[in-house]
Amino acid sequence: MATYTNNELITAYVSRQIRDDDLCFVGVGTNGRAFTLAVGIPLAAARLAQMGHAPGAAVYWGNLLEPDLSVIPEHFTQDAFTQWQAAACPPDTGVKCDMLARRKFDVSFNSAAQLDRYGNMNITAIGDYRKPKVRLVGSLAQPEHFAFVRRPILLMDLDARSFVEKVDFITSAGHLSGGNSRREAGLGEGGPSLVVTDKAIFDFAEDTREMRLKSLHRGVTKDEVLAAMSFVPLIPETIPETEPPTTEELAFIRNDIDPHRILLKV
Amino acid sequence: MATYTNNELITAYVSRQIRDDDLCFVGVGTNGRAFTLAVGIPLAAARLAQMGHAPGAAVYWGNLLEPDLSVIPEHFTQDAFTQWQAAACPPDTGVKCDMLARRKFDVSFNSAAQLDRYGNMNITAIGDYRKPKVRLVGSLAQPEHFAFVRRPILLMDLDARSFVEKVDFITSAGHLSGGNSRREAGLGEGGPSLVVTDKAIFDFAEDTREMRLKSLHRGVTKDEVLAAMSFVPLIPETIPETEPPTTEELAFIRNDIDPHRILLKV
Amino acid sequence: MKEKLTTLEKALSPIVSGSTVMIGGSLLRRQPNAAVRQLIRNKVRDLTVLSWAGTTAIDLLAAADAIRRWEGIYVGLFNYGLAPNFRRAVESGRIEVRDFSETAMVARLRAAAQGMPFLPIRTLFGSDLAQVNPEQIRTFDCPFTGEKLQAIAAAEPEFTIIHGYAGDKYGNVQWPVVRDTDDMDQPMAAGAKRLIVTVEKIVSHDEIKKQPSLTYIPGNWVEAIVEVPYGAHPAACDTMYDEDDAHMRDYLARSKTADGVKAYLGEFANALPDHAAYLEKCGGLAALSALDVKGRA
Amino acid sequence: MKEKLTTLEKALSPIVSGSTVMIGGSLLRRQPNAAVRQLIRNKVRDLTVLSWAGTTAIDLLAAADAIRRWEGIYVGLFNYGLAPNFRRAVESGRIEVRDFSETAMVARLRAAAQGMPFLPIRTLFGSDLAQVNPEQIRTFDCPFTGEKLQAIAAAEPEFTIIHGYAGDKYGNVQWPVVRDTDDMDQPMAAGAKRLIVTVEKIVSHDEIKKQPSLTYIPGNWVEAIVEVPYGAHPAACDTMYDEDDAHMRDYLARSKTADGVKAYLGEFANALPDHAAYLEKCGGLAALSALDVKGRA
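Which chain is which? The protein sequence lines are A, B, C and D, in order. Sequential numbering from 550 applies to the first sequence in our numbering. Sequential numbering from 550 applies to the second sequence in our numbering. Sequential numbering from 11 applies to the third sequence in our numbering. Sequential numbering from 11 applies to the fourth sequence in our numbering.
These aren't lab readings, by the way, just hints derived from the structure by calculation. Quick caveat, the model's predicted, so the values are computed rather than measured. It is possible that some hints are incorrect.
With a cut-off of at most 27 Å between alpha-carbon atoms, the simulated DSS-like pairs for lysine-lysine come out as follows [as the list claims (entries may be wrong)]:
#1 C:291 x C:272
#2 C:291 x C:20
#3 C:220 x D:211
#4 C:53 x A:653
#5 C:220 x D:220
#6 C:53 x B:680
#7 C:158 x D:203
#8 B:680 x C:158
#9 A:653 x D:158
Residues from chain D that keep clear of chain A, each with C-beta distances beyond 12 Å, as calculated [as the list claims (entries may be wrong)]:
#10 52
#11 168
#12 280
#13 292
For each residue, glycine too, the CB sits at the ideal point set by N, CA and C.
Kindly produce the complete structure, drawing on both the sequences and the hints.
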């Protein structure tokens with residue numbers, strides 16, 4: 550039985566969620582663990598999908614459309630971005646925004662300071678918006694992702710401060726208060742589809758749109774998961790184990806995609 | 550007393566209407582006499598203004614912003630346009646449209662199949678719009694010029710078929726039915742300021758906005774002018790003679806701007 | 011990436027009579043005439059055709075009785091005067107026209123690219139362009155200032171055909187650094203539903219990815235790409251070749267009558283199996299290279 | 011053409027306390043930091059600052075207590091984390107924020123460029139970004155479809171400051187063919203009322219007019235242009251130099267406290283007469299050239 554790291558497990562799992570010809574949005578920047586979740590794992594997963602079942606899968610990264618994932622930069626300083634070869638590099642970020650609004654994206658990878666029971670997320674402010682306890686970065690295109698992308702995937706470590714009953718500020722409208730509330734607010738199809746964490750995978754119930762435990766990573770118990778959340782998600786009768794990476798997937802990740810452990814470092 | 554052609558007279562007159570730092574719109578294309586009126590005279594006049602009283606005057610031609618008027622192409626085929634050097638050549642024609650809507654243009658040069666008493670013009674259709682006697686080219690940016698440019702200047706040969714009581718189709722709203730009708734329709738300042746013809750110059754009365762005879766070219770009588778119009782414009786007590794070109798202006802035109810008589814050919 | 015390189019026949023086969031088609035290019039630049047001749051061979055009819063400043067492509071389609079309605083800013087033949095066949099069809103009532111000024115057409119293209127049903131302008135107050143077209147041009151009040159604005163309906167053709175300079179088999183199309191930018195091809199491509207691109211030449215993806223900022227049509231937007239050298243002939247492709255003056259004059263002369271132009275279409279479109287045969291009919295690449303301009307890539 | 015080449019002092023003198031200023035650049039690219047340090051020397055206060063993805067320029071202004079309100083999509087220090095001084099000022103209530111998502115901010119910039127009071131989007135239904143800002147984000151009905159849309163008010167700053175690559179004395183600014191295009195500098199410039207541009211270097215107009223399609227900011231739009239080598243330092247200017255990691259870390263360390271960053275500002279802005287002195291303070295061009303990237307023009 551293959552041994553693997555949590556990052557490898559998540560990378561392989563996420564790669565299987567990417568379908569052939571999917572266009573995937575991957576964010577830029579941040580560092581440390583946040584980089585691994587927002588950039589490292591998504592790039593590795595997209596490349597793994599390309600090498601396997603989804604050769605036509607493409608990434609929009611920064612303002613690079615279809616950057617060459619066979620040569621992912623080893624240092625994420627400006628010149629590495631400038632020199633990264635791609636199929637296209639539109640004149641400004643507005644082109645990416647238009648593609649979002651036209652629903653050209655199939656998958657996006659998102660992380661948040663707060664995520665709630667109905668998949669609403671907050672990257673704007675903790676506490677009161679006018680005089681916040683913690684001012685965060687703002688919004689970027691996170692509202693667009695939940696409004697227009699077909700299958701947004703959240704990548705976050707499970708933590709009671711992040712998984713809250715209700716977010717302090719709705720930066721991105723997920724399933725709002727559940728049921729039809731998203732549609733009633735004026736939004737179309739979309740909103741968060743999966744929440745991939747270091748302990749378990751969640752999806753959202755078809756009817757109530759509540760977050761639902763989907764699978765537990767090998768060796769993780771339900772109680773450990775609940776202990777790391779400030780609300781109790783829906784829990785099915787039987788909880789399967791998160792499907793582990795295959796030896797082939799592990800070989801691709803370790804030998805071809807991230808040989809120097811840059812993407813999956815921490 | 551200097552002798553000069555009608556085109557030289559018009560070119561010199563028009564150049565004096567261009568103020569320092571004015572941005573002037575000049576059209577492209579057509580041929581023969583229409584080319585002289587729409588392209589040749591405007592380019593020559595703009596260059597003459599640059600060489601004299603308005604060194605900061607600039608032209609937007611095609612999608613070239615500030616093309617080098619010291620080297621105007623001698624053949625108006627595609628590659629001459631492609632190679633013409635300029636300060637800027639924006640990514641698409643939308644940039645020029647935005648500049649029009651933001652009222653960045655001071656002067657435009659316009660010609661029409663029909664022009665009426667209140668300076669409304671028609672380049673769309675003669676007769677019934679649905680089943681026209683003559684289908685013309687459409688509209689291009691002519692409506693924008695009358696809507697947004699500060700001082701549009703019409704360049705047309707005087708002709709009873711062109712100078713009509715009422716245009717068959719209002720492509721560009723000039724002063725509509727006169728008085729405040731332009732403002733009431735929702736348009737801002739602007740509309741045609743001068744009509745420069747082969748026989749006389751016209752402007753528009755401040756109050757009624759009716760076309761008004763401003764000056765007669767040397768040797769032209771009022772009756773000749775009226776005989777070439779389908780309506781009777783306002784006629785002042787005394788009609789001055791159109792100020793002729795100076796010997797210096799003629800020298801610039803003949804030696805520097807259009808030595809091979811390409812711009813002012815016909 | 012997905013391979014999208016195909017033939018004119020295959021690329022255009024989804025376009026049937028009654029389709030709505032946006033035609034790229036402006037004035038005598040990059041008219042997709044090779045694709046238009048294929049549509050004529052396919053005998054499509056009753057098209058709704060949208061264009062920016064349309065010339066040869068629109069007049070050829072009009073000559074072939076392929077257009078039921080046209081929407082755009084201009085149809086003519088630039089310095090060759092009015093478009094004789096389009097003009098004849100409009101004057102006889104066979105083609106319905108919907109005229110848009112430049113800011114209005116730009117708003118239609120940008121609205122489609124932005125996924126919006128309309129964009130606002132304030133150009134057409136008092137103009138008959140607005141008065142005759144309440145279906146696509148409507149006055150409304152600004153939600154902030156209350157001032158009157160005009161809403162222009164998005165351009166939403168089923169198909170968009172653009173002729174470009176060079177591209178790869180994945181549909182990534184690039185322009186040269188110095189070119190004639192007086193067109194709306196990129197906004198048209200950005201808002202396209204089904205985008206068919208013809209290019210002067212197919213280059214390797216390695217060539218493309220060296221300068222990704224020159225890619226004005228990403229392959230991600232493209233349904234099919236086809237290589238058609240001199241694909242804009244008898245019009246020009248700026249930086250590559252100029253308009254064919256002799257061919258244009260012959261076309262104009264034969265367009266004086268409907269029969270005359272029918273004979274022209276028979277010779278240069280219907281009687282020919284494909285674009286290669288058209289190039290031969292025009293004297294072959296050797297003869298056509300006389301139109302090439304210096305600095306051609 | 012009109013000569014617009016001047017000094018930072020002269021170019022920025024019209025910007026007084028209480029002005030509304032748009033700041034160009036995105037993340038660590040082309041932050042107009044030389045201009046920002048001059049504004050700090052000028053002791054301007056109570057600015058309303060608009061930005062795209064703002065980093066060093068916004069945090070420096072916040073550290074100097076120059077900002078009363080900020081409007082944009084992001085303020086942080088990219089891979090260096092949150093923006094400590096901006097964060098402190100917002101958490102203390104000294105800076106009011108108005109957050110816009112990317113499509114919303116794009117709509118604001120394009121509306122200004124198009125001379126429109128607003129543009130429509132449909133992004134922010136259900137988001138608190140709309141709920142807290144009825145002044146600039148309003149729901150209205152599409153004049154054609156009747157569907158609910160959101161009107162986003164145009165961005166209309168009195169001044170716009172952009173740092174570019176190279177330009178001429180007439181204010182024509184060009185970008186290199188291959189660059190990092192992830193920004194909104196051109197739309198910002200297109201909609202600017204009074205546009206002040208700083209560039210890495212001034213080149214001849216003859217250089218510019220050879221490749222007019224590389225001019226992304228025409229001089230016609232510009233009020234003043236200033237040459238400031240390493241004008242984005244300690245941030246990067248893509249294709250020319252990278253971010254200064256050591257300086258960034260020192261800035262972050264000293265930004266742990268308000269006093270710490272005040273000392274930093276004293277040393278690197280207030281105590282220095284001009285940008286030349288700043289470059290000397292940072293070790294001079296010789297030391298800074300260590301940040302240059304290969305293929306730098």
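- Query: What hint numbers does the structure not satisfy?
  - Reply: Violated: hints 4 and 8.
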